[in-house]
Amino acid sequence: MSSVRVLVGTRKGAFILTSDGKRQKWSVSEPLFAGWEIYHMKGSPADPNRIYASQTSSWFGQVIQRSDDGGKKWFLPGTPGGEQPKSPEGFPMGESNKFVYDESPETGKPLTTHQFYDGTQKPWVFKRVWHLEPSLTERDIVFAGVEDAALFRSTDGGTTWKELAALRGHGTGPKWAPGAGGMCLHTIVLDRSNPKRMYVGISAAGAFRTDDGGTTWKPINRGLKSPYTPDPTPEVGFCVHRMAMHPSRPNVLFMQLHQGGGILRTENAGEEWREVNGNLPTDFGFPIEVHAHEPETIYAIPTDPWTRMPPEGKLRVWRSRTGGNTWEPLTRGLPQQNCYINILREATAIDTLDQCGIYFGTTGGQVYCSPDGGDNWLAIVEHLPAVLSVEVQTLN
Amino acid sequence: MIRVVLPYHLRTLANVGAEVTLDVEGPVSPRSILDALEARYPMLRGTIRDHVTQKRRPMLRFFACGEDWSLESPDAPLPDAVASGAEAFWVIGAIAGG
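Taken in order, these protein sequences are the chains called W and F.
All the letters of the first sequence, read from the start, carry residue numbers 1 to 396 under this note's numbering.
All the letters of the second sequence, read from the start, carry residue numbers 1001 to 1098 under this note's numbering.
Simulated from the structure, these hints should not be mistaken for lab results.
Predicted model only: the values in this text are computed from it and were never measured.
Worth double-checking, as some hints may not be accurate.
Partial chain W-side listing against chain F, Cβ under 8 Å, derived [to be verified]:
hint	residue
1	Ser57
2	Phe60
3	Leu76
4	Lys98
5	Val100
6	Ser104
7	Ala292
8	Pro295
9	Cys339
10	Ile341
11	Asn342
Glycine included, every Cβ here is placed at the ideal spot set by N, Cα and C.
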């Protein structure tokens, strides 16, 4: 019997929600890492029991947590897997992880400055890990997208981290700027058909692609617009909110861009993008998802661009079965009045059961599930802290 | 024996109570206390001081004997009452947030 495990990161801890394949009855865990912000949790496709979590705090910095048993026990990487994460004195043995920009002459790049909100240049300063993307094939390899924007890789299960410095060192760094949430690398898309290829999204720099495993990077922002800036079509400087790909069609990507762009798609791995907003009520939102079995079925949750709340107080997920342009609102089971929450960029997920499940979490602390591709929705849990991220694991 | 009081979030991270005790070799200063603290509880590395610069994280403060030591040199000798264990060295999180 298949089952699902939903990993929820919130402002004040993490929660694990579990159900069988029907996805009607749910168990909700006690809070994990209570009091800490959990920006993201994600399981390894190569080993579903291996889960990584980004535990972070403006006060106390960054910690990486790891579980090797599906989320029952957690430890700081550095403690060998399978061993008790305690010293003989009874204390945890792991240490928090170092994310240090690579400035070494052998592999690194000089640490440049980036543009600040006020137009001045500021130095790169590490703040937190926004996104953890485990390798598709190796459980000990995991990528981390961080603020200030850079990409790190661990090849030892999160114990040590090394920056892929060519991205930050692309040369356009002085033109990168923070979005409202900071200057963060929040999206990492791996290509199952080409292990050397990877896409990243940075707010507010844009989308980048590597075809050589991170040695070199190319901005892929042609077709994006920033109508609120003096140069509306620069090489970089776009507030990309999220990108998604169906594994069967790796050259087709979908993007939710800041207002002025909206939903875009590319047929050629980012060489050219075109807008597919169609009849969506706004061009603003954070997440974008692709159905697990229908590569042209995509989901977005538009919000008002100025308030970042659902238009008309109605929480609606919009589905396109044509890869954009033609959209239908999905409302059954979602509040259709007095709803003024937000859905953040990491807070949606898709399972891979035969009847594809869609999930999203809100800043109001609800996590919703549709077990039938978006037709019907139910609230799994309603009173969590503000949800930052949602991931789902489909377990057999 | 040096006594150190930690804020809630670092207690849960290190799996300790409100106060820990440490042996500190040589002069007792903020740096020597934090060095000993991080050696004993390696998960605290990077949470009080930056990994690279060793500077105090901006939303933390250090207090001893009712005095603010946050802006003092990390090598400034702390009062005898801290060195003797009569008084604790306090790591305090800024009162902010929600």
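Hint-by-hint comparison with the structure:
1. Ser57: Holds, about 6 Å.
2. Phe60: Holds, about 4 Å.
3. Leu76: holds, 5 Å
4. Lys98: Hint on Lys98 of chain W: holds, closest Cβ of chain F at ~5 Å, below 8 Å.
5. Val100: Check passed: Cβ of Val100 of chain W comes within 6 Å of chain F, closer than 8 Å.
6. Ser104: violated, 13 Å
7. Ala292: violated, 36 Å
8. Pro295: violated, 41 Å
9. Cys339: Violated - the Cβ of Cys339 of chain W stays beyond 8 Å from chain F, reaching only about 21 Å at its closest.
10. Ile341: Violated: closest Cβ of chain F sits about 16 Å from Ile341 of chain W, beyond 8 Å.
11. Asn342: Violated, about 16 Å.
In the structure shown, a violation is registered for the earlier hints numbered 6, 7, 8, 9, 10, 11, in ascending order.
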